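Q: Read top to bottom, the protein sequences are chains A and B. Residue 1 is where the first sequence starts when you use my numbering, and the numbers rise one by one after that. Residue 1 is where the second sequence starts when you use my numbering, and the numbers rise one by one after that.
Please note that a few of the clues may not be correct.
As the list claims (entries may be wrong) - Residues on chain A that point at chain B, a partial pick, calculated with CB under 7 Å:
no., residue
1, 28
2, 30
3, 32
4, 37
5, 66
6, 78
7, 81
8, 126
9, 127
10, 129
11, 130
12, 133
The hints are simulated quantities; they were obtained by calculation from the structure and are not laboratory data. In this text the structure is predicted, and so the values were computed from the model without any measurement. All residues carry an ideal CB built from backbone N, CA and C; glycine is no exception.
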Amino acid sequence: MKLLSKKGMLFIFLIIAIIGAFIVYKMANKSHLDISSSAPKITIEATKLIDEFLIDETTANTNYLDKLIAVKGTISDIKIEDKKGIISLKTEDDFGSVLCHLSIEATQNLSELEIGQNIQIKGICTGFLMDVILVRCEIINQ
Amino acid sequence: MNYLISTLALFLCLHTAQSQERYLTKNGTITFFSKAPIENIEAKNQQVLSIIDASNGSMAISILMKSFLFEKALMQEHFNENYVESDKFPKATFKGTILNFSNISASASKLQVKGTLTIHGESKEITIEGLFSKTTSGIIATGDFIINLDDFKVKIPAVVAKNIAKNIKVSFDFNHQPFQK
Numbered sequence: 001m002k003l004l005s006k007k008g009m010l011f012i013f014l015i016i017a018i019i020g021a022f023i024v025y026k027m028a029n030k031s032h033l034d035i036s037s038s039a040p041k042i043t044i045e046a047t048k049l050i051d052e053f054l055i056d057e058t059t060a061n062t063n064y065l066d067k068l069i070a071v072k073g074t075i076s077d078i079k080i081e082d083k084k085g086i087i088s089l090k091t092e093d094d095f096g097s098v099l100c101h102l103s104i105e106a107t108q109n110l111s112e113l114e115i116g117q118n119i120q121i122k123g124i125c126t127g128f129l130m131d132v133i134l135v136r137c138e139i140i141n142q
Numbered sequence: 001m002n003y004l005i006s007t008l009a010l011f012l013c014l015h016t017a018q019s020q021e022r023y024l025t026k027n028g029t030i031t032f033f034s035k036a037p038i039e040n041i042e043a044k045n046q047q048v049l050s051i052i053d054a055s056n057g058s059m060a061i062s063i064l065m066k067s068f069l070f071e072k073a074l075m076q077e078h079f080n081e082n083y084v085e086s087d088k089f090p091k092a093t094f095k096g097t098i099l100n101f102s103n104i105s106a107s108a109s110k111l112q113v114k115g116t117l118t119i120h121g122e123s124k125e126i127t128i129e130g131l132f133s134k135t136t137s138g139i140i141a142t143g144d145f146i147i148n149l150d151d152f153k154v155k156i157p158a159v160v161a162k163n164i165a166k167n168i169k170v171s172f173d174f175n176h177q178p179f180q181k
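Isolated chain B (complex conformation) (with noise of 0.2 Å):
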């Protein structure tokens, strides 16, 4: 009996490995870039954590607000404590679909995908376009859109409001890796 019940529980296990295939990156990069007419602001993350199930096209990512590094230090230090608030909120999340996931090849062709993009606590439906390819070493997805501060109740206030643009162009870039374990 506790032998059928193990061959069991492996023959599950094995399914469920083949039916989840995962490709994870935990080093995918993100860049933000403000360009206003006193100064163009840029901030890079290197650290953001992205999944996608290859079985339903299905997407998380997750972004450590702290981890976007900027050019000057008092920029990174308005960002956190003023902006985005990420003591309050450290992370950004995004969850999503990629629309017509079965479409794709090994060369990069455009697709969509469709979810919520959470920063500062404020959700928003959003349809991003990006270059998305699979071959046996991963998915590798990038591509650039913008983003409204005000969607996500970020203030800027009037002082520095000519430094900073309403409108952020936010670019990704991911290498996907089968994941193991």
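Chain A with its partners taken away, still in its complex shape (with noise of 0.2 Å):
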């Protein structure tokens, strides 16, 4: 006795080549982490994210490179670049601070922010130059 009709076949393995197509296809298109509701795991004040910058960069990558972290800190300035909203974090570095570039959408909330305010802002870091480099950061509700 056959188990399946010839039909039958066809039909599961078509169903297969659906599922598979479809995963392939999620995998390609997976979307990037969601950061606007996604809880950083590391929390740290400007001042302390710089001084390890400074300290040992290499163990500081390590440590921080493309993770979500939340950095506490003053505002020292704010500016809009292409559309986009950039704060500076104050550090006791004379030179370095904390630019968090925001998205598009914590861009339009940037007329609610003032310099000397205290803030809390997360974001993926990406290193390390003149300042430590947050990106697609958004701003946390106190």
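Please dock the two separately framed chains into a single complex, following the hints provided.
A: Structure (structure tokens):
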């Protein structure tokens, strides 16, 4: 006795193929991490963050690079470049600060912020040049 | 005596402050574009640090590889993990000199920059042509050039070779401002 007819086999094969194609498509188009709904694993003061990069950049890179982190600090500068807001957080270092490049959505609420205000921002840390840089930042409501 | 030393020190400081006409941007833009039969890939980095010393036309650029943002998350993952290995080589740099820098004017003019480009731990001498202009508010530099992935030992697996071009077009847009502090 045949377990399955030719038609049945074809049908099952087709379903597997469709599921396979769907998974491949999903993987190829997997979306970026949704920052606004994700909770950062690390929360750190802006001064402490830049200190860690100044003392040992390699270790700091392993700890923070490509990770979603929350940074606490005082706003020292606000500007908008190419429709995206950039907030600088004050540190004790003479040259460096923590530069938070906001997402387009977060930039819309920029007018509510002012220099000198204490704030918490979360974003992806991409490394250290003169400043520690965070991209795709969102402001954490306090 | 103390007074003399401090006055001298002050003059020295003033002197260096004058001779060091530095212009800098912390949010320069670099985009790269790969045109291939299957898909076009574009990535943008808006956190490029570029410094020009206007006293001699030297230029230094630092780029964080992780700051390149792609449309698709998977592209960004492959770029960082497999191609440029940004955990091992987190930065790309360029150090060079703008040739005939004294010709710079308020209107954009073509100038060449000669220097060393380091990506993926590999250095190569290159000459780039760009449009430069200098006003009281700063120095603007824009342009594009082509880099070859083989020159920087960036290996693309055969499976995806059709998706990624060997020659990548890199565009830059820097708006340097006078550096104070």
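Q: Would you mind marking each hint as holding or not holding in the structure?
A: Results of checking the hints against the structure:
With a cut of 7 Å, the hint placing residue 28 of chain A at the interface with chain B holds, because the nearest CB-to-CB distance is about 6 Å. Contact between residue 30 of chain A and chain B, as hinted, is supported at the beta carbon level, the nearest pair being about 5 Å apart and thus within 7 Å. Taken as an interface hint, residue 32 of chain A checks out: its beta carbon lies about 5 Å from the nearest beta carbon of chain B, inside 7 Å. The interface hint given for residue 37 of chain A is broken, as the beta carbon of that residue sits about 15 Å from the closest beta carbon of chain B, more than 7 Å.
Satisfaction of the interface hint for residue 66 of chain A is found here, the shortest Cβ-Cβ separation to chain B being roughly 6 Å, below the 7 Å cut-off. At a threshold of 7 Å, the smallest CB-CB gap from residue 78 of chain A to chain B is about 13 Å, leaving the interface hint violated. The closest approach between the C-beta of residue 81 of chain A and any C-beta of chain B is roughly 5 Å, which is under the 7 Å cut-off, so the hint is satisfied. A least Cβ separation of about 4 Å between residue 126 of chain A and chain B falls short of the 7 Å threshold, and the interface hint therefore holds.
At its closest, the beta carbon of residue 127 of chain A sits 4 Å from a beta carbon of chain B; the interface hint therefore holds under the 7 Å criterion. Hint status for residue 129 of chain A relative to chain B: holds, with the closest Cβ pair at about 4 Å, below 7 Å. Interface restraint check for residue 130 of chain A: the shortest CB-CB distance to chain B comes to about 6 Å, inside 7 Å, so the restraint holds. Annotation: residue 133 of chain A was flagged as interfacial toward chain B, and the flag holds, the nearest CB pair being 5 Å apart, inside 7 Å.
The structure is inconsistent with the numbered hints 4 and 6, although it conforms to all the rest.
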